[in-house]
Amino acid sequence: MGAAWDGRGFVGLIQALNEAMQAAKAELNGLDSALGDGDHGESLAAAFADAAEKAASLSEPSPAAVLQATSQSLLNRMGGASGALYGTLFLRMSLAVKDRPDVALEDWQAALSAGLAGVQARGKASPGDKTMVDALAPAVVAFASATDLGGAFAAAAGAAQDGAAATAAMVAKFGRAKFAGDRAIGHVDAGARSVAILFVTLHEFWEGQYGEG
Amino acid sequence: MSVRKHKLVNQRENILRDMLEGFASAYPGIVRLTDDGLIVRAQPKASGKVGLVIGNGSGHEPAMIGFVGEGLFDVNIPGAIFTAPGPERILAGIKAADRGAGVLLCVSHHAGDLMNAEMALELCQAEGIEDVDMVVLYDDISSAPKGSEPERRGTAGLFFVWKMLGAFAETGTSLAECKALAEHIRDSTRTLAVALTSCASPITGEVMFDMPEGEMEIGMGVHGEVGMGRHAITSAEATIDLMLPSLLDDLPFRVGDEVFVLLNNSGSMTLMELYILHRTVAQRLSESDIRLAGSWIGAYATTQEMAGFALSLCRADERLKGLWAAPANGAFLKGVV
Numbered sequence: 000m001g002a003a004w005d006g007r008g009f010v011g012l013i014q015a016l017n018e019a020m021q022a023a024k025a026e027l028n029g030l031d032s033a034l035g036d037g038d039h040g041e042s043l044a045a046a047f048a049d050a051a052e053k054a055a056s057l058s059e060p061s062p063a064a065v066l067q068a069t070s071q072s073l074l075n076r077m078g079g080a081s082g083a084l085y086g087t088l089f090l091r092m093s094l095a096v097k098d099r100p101d102v103a104l105e106d107w108q109a110a111l112s113a114g115l116a117g118v119q120a121r122g123k124a125s126p127g128d129k130t131m132v133d134a135l136a137p138a139v140v141a142f143a144s145a146t147d148l149g150g151a152f153a154a155a156a157g158a159a160q161d162g163a164a165a166t167a168a169m170v171a172k173f174g175r176a177k178f179a180g181d182r183a184i185g186h187v188d189a190g191a192r193s194v195a196i197l198f199v200t201l202h203e204f205w206e207g208q209y210g211e212g
Numbered sequence: 000m001s002v003r004k005h006k007l008v009n010q011r012e013n014i015l016r017d018m019l020e021g022f023a024s025a026y027p028g029i030v031r032l033t034d035d036g037l038i039v040r041a042q043p044k045a046s047g048k049v050g051l052v053i054g055n056g057s058g059h060e061p062a063m064i065g066f067v068g069e070g071l072f073d074v075n076i077p078g079a080i081f082t083a084p085g086p087e088r089i090l091a092g093i094k095a096a097d098r099g100a101g102v103l104l105c106v107s108h109h110a111g112d113l114m115n116a117e118m119a120l121e122l123c124q125a126e127g128i129e130d131v132d133m134v135v136l137y138d139d140i141s142s143a144p145k146g147s148e149p150e151r152r153g154t155a156g157l158f159f160v161w162k163m164l165g166a167f168a169e170t171g172t173s174l175a176e177c178k179a180l181a182e183h184i185r186d187s188t189r190t191l192a193v194a195l196t197s198c199a200s201p202i203t204g205e206v207m208f209d210m211p212e213g214e215m216e217i218g219m220g221v222h223g224e225v226g227m228g229r230h231a232i233t234s235a236e237a238t239i240d241l242m243l244p245s246l247l248d249d250l251p252f253r254v255g256d257e258v259f260v261l262l263n264n265s266g267s268m269t270l271m272e273l274y275i276l277h278r279t280v281a282q283r284l285s286e287s288d289i290r291l292a293g294s295w296i297g298a299y300a301t302t303q304e305m306a307g308f309a310l311s312l313c314r315a316d317e318r319l320k321g322l323w324a325a326p327a328n329g330a331f332l333k334g335v336v
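Line order of the protein sequences matches chains V and U. For the first sequence, numbering that gives the first Met the number 0 assigns the number 0 to the initial residue and increments by one for each residue that follows. For the second sequence, numbering that gives the first Met the number 0 assigns the number 0 to the initial residue and increments by one for each residue that follows.
Derived by calculation from the structure, the hints in this document are not laboratory data. Any given hint could be a false lead.
Unchecked claim - Straight line, CA to CA, 27 Å or less: simulated DSS-like cross-link-like pairs of lysine-lysine:
{"#": "1", "chain 1": "U", "residue 1": "K6", "chain 2": "V", "residue 2": "K24"}
{"#": "2", "chain 1": "U", "residue 1": "K94", "chain 2": "U", "residue 2": "K48"}
{"#": "3", "chain 1": "U", "residue 1": "K320", "chain 2": "U", "residue 2": "K44"}
{"#": "4", "chain 1": "V", "residue 1": "K24", "chain 2": "V", "residue 2": "K172"}
{"#": "5", "chain 1": "U", "residue 1": "K4", "chain 2": "V", "residue 2": "K24"}
{"#": "6", "chain 1": "V", "residue 1": "K123", "chain 2": "U", "residue 2": "K145"}
{"#": "7", "chain 1": "U", "residue 1": "K178", "chain 2": "V", "residue 2": "K123"}
{"#": "8", "chain 1": "U", "residue 1": "K333", "chain 2": "U", "residue 2": "K320"}
{"#": "9", "chain 1": "V", "residue 1": "K53", "chain 2": "U", "residue 2": "K94"}
{"#": "10", "chain 1": "V", "residue 1": "K97", "chain 2": "V", "residue 2": "K123"}
{"#": "11", "chain 1": "U", "residue 1": "K333", "chain 2": "U", "residue 2": "K48"}
{"#": "12", "chain 1": "U", "residue 1": "K94", "chain 2": "U", "residue 2": "K333"}
{"#": "13", "chain 1": "U", "residue 1": "K145", "chain 2": "V", "residue 2": "K172"}
{"#": "14", "chain 1": "V", "residue 1": "K172", "chain 2": "V", "residue 2": "K123"}
Whole structure, please, built from the sequences with the hints as guidance.
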C-alpha cells in the first residue's frame, strides 16, 4: 500500500514538517549563529507553522495546492535568502505535480529534481559551496536511484544527513558565511542541516503513514 | 568585550510592527504605514514620475524607513530583522510606488535581497507589469576584490544613491535614465568600514559575532560579516591611514577629483569621534589634491549598537552636485547641509 500520496497525505506531511521544525528551532538557531544571524530555526519554524495552518484550511487539498501554499508561506513569512530558496523548492515541486490527484515514485522523483534545479538556478550554488544544496543534491540523487517509495525516502534521508554533516569541512561560497572565510570550517551549514531534517521527517512520516514495518 | 544584550522592546515577535507603528506616529507629515506593512510617502509623488522603491532587512535604522519622503524613496518594504522581505511584499511595494512612469526597484546587494527582488520581478512579468526594472547596488571594497565589483555587498555608501537618485527622479526623468544614474553613482562610490565592538541580535538576544577586547575589524559588513582582517585598536588618525589609501586606490580617485564624503556611524560611535576622524579624512584628501565637495556625518545605516563606522567616498561631478543640493524631506535626511 501507499504507492502514491494524495493531497491529504501532503497535508499530513506539512503538519509533520511543522512539528519537526518547531522541535529543531534551537538547534538550527545555534548553527546559524555561528556564521549567520542566528534566526534560521526561528524563521523556518514560523513559516512552517503558517504553512501547516494554510494546508489544513484548503478545501480541496491536491498535492500541488498543498505544495504551492507551503511555498507561499516560505517565501513570504520566512523572507531572506532561505525563504527564497525554500520557497522555490516547494514552488517547483508544486509545478511538477500540477493536476496530479496523487504522487507516486516517478512524480516524486521528477518533483524533487525540479525543486533542486530551481534552488540551484535561484541561488547559483553548487555542491561543495556549504549551502542547503549540499544536503539537497545528494538526497535527490539517492531518491532518484531507488525503485520504491519507502526505499527512496530512506535513501534520501541518509544522503541528506551525510551531506549536511559534510558541510562542516567546507569553506562557504555564498551568503553571510562566505565572509567568514576559513573561520567557517568546523561549522555545519544551518540550511543544509534543515534540509536534512526535512528529508528525515519525510522518511519518518512515510514510515508512520504508509510503511509496512 | 561587553555588549548590551537587553533591548527595551515589547514582545520579540512584535519588534518590527512596534517599530514601524512608532516611526509612523512620529512623522505623520512625511510617511504613512500601510495595512500591509509598507512605509510610503504621506503625500505621493506627482503622477508621471518614476517611482523608487527598496526592500531591506530591518535592524539598520534609520535605513531604510528614514529615507522615504520627498526627494527620496516613494516606498520602503521593511523586512524582518536582518531578513529581506519576500517577493509578494516587494510586488506590493512596487505597485504602491507606481505613479504611471515606471518603477525602479533598488537592491542593496545581499543574497536574500537579490533573490527576492528577482522573484518579485518574475511576479511582475506574470502579472503583465512591464515598466519595472531593478538596479543592484554595491559599494563595500572589502567584500570582493577589484575586478569583481558586482560581487560586493551593499553598505552605508549607497546613501549617495538614495539622496541623488531620489532628487533625480523628482525631475521627471525616465526609468532608463534613473537606472543609469543609480549605476553611475554606484560606480563612483567606494566604502570601507571598521568595527570596534560586536552587537546583540534583537531576535536571539545573543552577541552577533565575536570581537576581542582591544581589536578592531577592518571591512566589517553591516551584519557583522568578516572583513579584511583584525588590527589592534589605534588612534583615529592611524585608523583613517589604514583605510583611506585602499579606498582611494580602488576606484581610483585621482588628483583633481572632487568627492563627497560620508562618515557613517554604525551604532554607538560618538559624534566627537566621527568629527575627529573627519579631520584626518579632510587633511589626507587635501594632501592628495582631492577636493571635498561636501560631507555627511551621522548614523544613516546602523547595525544595532555596534561601535564602528563606515567611510564612503563618491566622486562628484556637476550633475551630482546639483542633485546633492536638491531638496529632500525624509525623516532622517533633510535638504542639503
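Against the structure, the hints:
| no. | hint | verdict |
| --- | --- | --- |
| 1 | U:K6 x V:K24 | holds (22 Å) |
| 2 | U:K94 x U:K48 | holds (14 Å) |
| 3 | U:K320 x U:K44 | holds (23 Å) |
| 4 | V:K24 x V:K172 | holds (25 Å) |
| 5 | U:K4 x V:K24 | holds (21 Å) |
| 6 | V:K123 x U:K145 | holds (21 Å) |
| 7 | U:K178 x V:K123 | holds (25 Å) |
| 8 | U:K333 x U:K320 | holds (16 Å) |
| 9 | V:K53 x U:K94 | holds (25 Å) |
| 10 | V:K97 x V:K123 | holds (26 Å) |
| 11 | U:K333 x U:K48 | holds (21 Å) |
| 12 | U:K94 x U:K333 | holds (26 Å) |
| 13 | U:K145 x V:K172 | holds (18 Å) |
| 14 | V:K172 x V:K123 | holds (10 Å) |
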